Amino acid sequence: MNSFLVKLKPVLWLLLALPNLVSAFGEGSVDVEVRADIHSSMQMQWQRIEADDFRYQDMKNRLNLDSGWVLLPYGLYAELQTNDARRLISLRVNHLVSTNKRDTIGVDSIFISHNGEKPITATKDLPILSVEDRGLLKTHTFLFVIKTNPTQKPGQYLANFNFISNTLP
Amino acid sequence: MAIDSSELQELAVLNATASVLAYSSVSVSTNELTFNILGTPGAYTSTDVVELTVETNQSTWGVYAQASSLVHVDADIAPLSAQRLSFSIDDSTHFTELKNNTLILQGLVNQAPKPIKLNFRLTTTWQDMPGVYKGKITIAFLNNP
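Protein chains in written order, with my numbering: chain A, 23 to 191; chain B, 66 to 210.
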C-alpha cells in the first residue's frame with residue numbers, strides 16, 4: 023500500500039502542476055521580437071579658454087618654456103565622446119595670419135601642449151580621439167606655443183584650428 | 066388546471082455533470098518592437114505600443130514578462146543585457162525594469178477582459194557599439210501565481 027502511494031505521489035504532483043505549466047509555456051505565452059538599431063553617435067563640445075581660466079593656468083604651470091618660446095594667451099578646451107570605434111578625431115592647426123593678412127607665422131613654428139605635456143609640432147594633425155577611446159569621455163586642453171625667430175613680424179595674428187573627423191572603413 | 070405537487074411521484078433521477086474547462090488566452094497587438102537609436106545614448110521609447118489582452122475563466126492569475134539579451138548581429142560584440150529594457154503601462158511615465166519574470170498584470174475572478182497598453186523603453190550607453198541588436202520579450206500567463 024505504501025509503495026503504491028509512493029508511486030502515485032509523483033503522478034498526482036505532475037497532474038496538478040500540468041495546467042499551470044501549459045498555461046505558462048504553451049498557448050499562454052507569446053514572444054515579441056525586439057530589434058534595436060543603434061547608430062553611430064558622437065558628441066563634441068569645445069571652447070576657447072582665456073589666460074585667466076583655471077584650466078589655462080593649470081596647464082601653463084606644468085610647462086617649462088625656455089626663452090625664445092612664446093605661449094599664446096589663449097587655448098582650447100574640448101570634450102569628445104563616441105560609441106563608434108571607427109570614428110577618429112584630430113586637431114589641425116593652420117598658419118597664423120596677421121590681421122592685415124600680409125604676414126604669416128608658419129605652422130612649423132607652432133607647437134601644441136596637449137593636457138600640459140611637452141609641446142609637440144603642429145605640422146601634423148594631433149589625434150585626440152582614437153579607436154581605444156570608444157565610449158570614454160575624453161577631455162583635452164590645448165595651449166599653443168610659438169617658437170620665435172627674427173623673421174616674424176610683430177603684430178596681431180589670427181589663428182585657425184580645425185577638428186578633423188575621419189571614419190575608418 | 067393546477068397540479069398539486071403532493072400528487073407528483075418521482076419516477077427517475079438524472080444526474081447532470083457540467084465540466085467547464087480552464088481557458089486562458091494572451092494576445093498582443095504586435096509581435097515586433099523596434100528601437101531606432103539615432104541620437105546620443107539615453108533612454109529611447111519604442112514607437113510600437115503593445116496592446117495586451119487577457120481572456121480567462123481562471124480565478125486569480127498574472128501576466129509576466131521576461132526579456133532576453135539583445136544580441137548584436139555581428140559576432141564578438143557585447144550584447145545589451147535584458148535589464149536595459151523597461152516597460153510602462155497605459156502611458157504611465159513610470160517605467161519598470163524587465164528583470165526575470167516581472168509581473169505586468171494581475172487579475173481576479175470575474176474580471177472582464179480589458180486591453181492594456183505597454184510601452185517599452187531601451188536604455189543605451191556610450192559603450193554600446195553601433196549596429197543592429199536582436200532579442201525577444203516573452204509574455205506569459207500564469208494561473209494562481
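These aren't lab readings, by the way, just hints derived from the structure by calculation.
All values derive from a computational prediction rather than experimental measurement.
Glycine is no exception: its CB is placed at the ideal position from the N, C-alpha and C atoms.
Please note: incorrect hints may appear among the correct ones.
Unchecked claim - Distance condition first, Cα-Cα at most 20 Å in a straight line; then the derived SDA-like pairs of lysine to any residue:
1) B/Lys199 - A/Asp53
2) A/Lys169 - A/Asn137
3) B/Lys164 - A/Asp106
4) B/Lys201 - A/Asn137
5) B/Lys199 - A/Ser62
6) A/Lys175 - A/Thr121
7) A/Lys140 - A/Thr121
8) A/Lys160 - B/Lys201
9) B/Lys164 - A/Ser62
10) B/Lys199 - A/His61
11) A/Lys169 - A/Ser120
12) B/Lys164 - A/Lys146
13) B/Lys201 - A/Asp59
14) A/Lys160 - B/Lys199
15) B/Lys199 - A/Asp106
16) A/Lys160 - B/Thr190
17) A/Lys175 - A/Asp125
18) B/Lys164 - A/Pro141
19) B/Lys179 - A/Arg57
20) A/Lys160 - A/Leu93
21) B/Lys182 - A/Ser62
22) B/Lys201 - B/Ser124
23) A/Lys123 - A/Ser62
24) A/Lys160 - B/Ala147
25) B/Lys182 - A/Ser51
26) B/Lys199 - A/Leu87
To be verified - Stretches of chain B that chain A covers, calculated by requiring three or more beta carbons in the stretch to come under 8 Å of a beta carbon on chain A:
27) 91-105
28) 156-170
29) 181-190
30) 197-206
- Message: Please list, smallest to largest, the hint numbers that this structure does not respect.
- Response: Of the numbered hints given earlier, those the structure breaks are 3, 4, 7, 8, 9, 12, 14, 18, 19, 20, 21, 22, 23, 24, 26, 28, listed in rising order.
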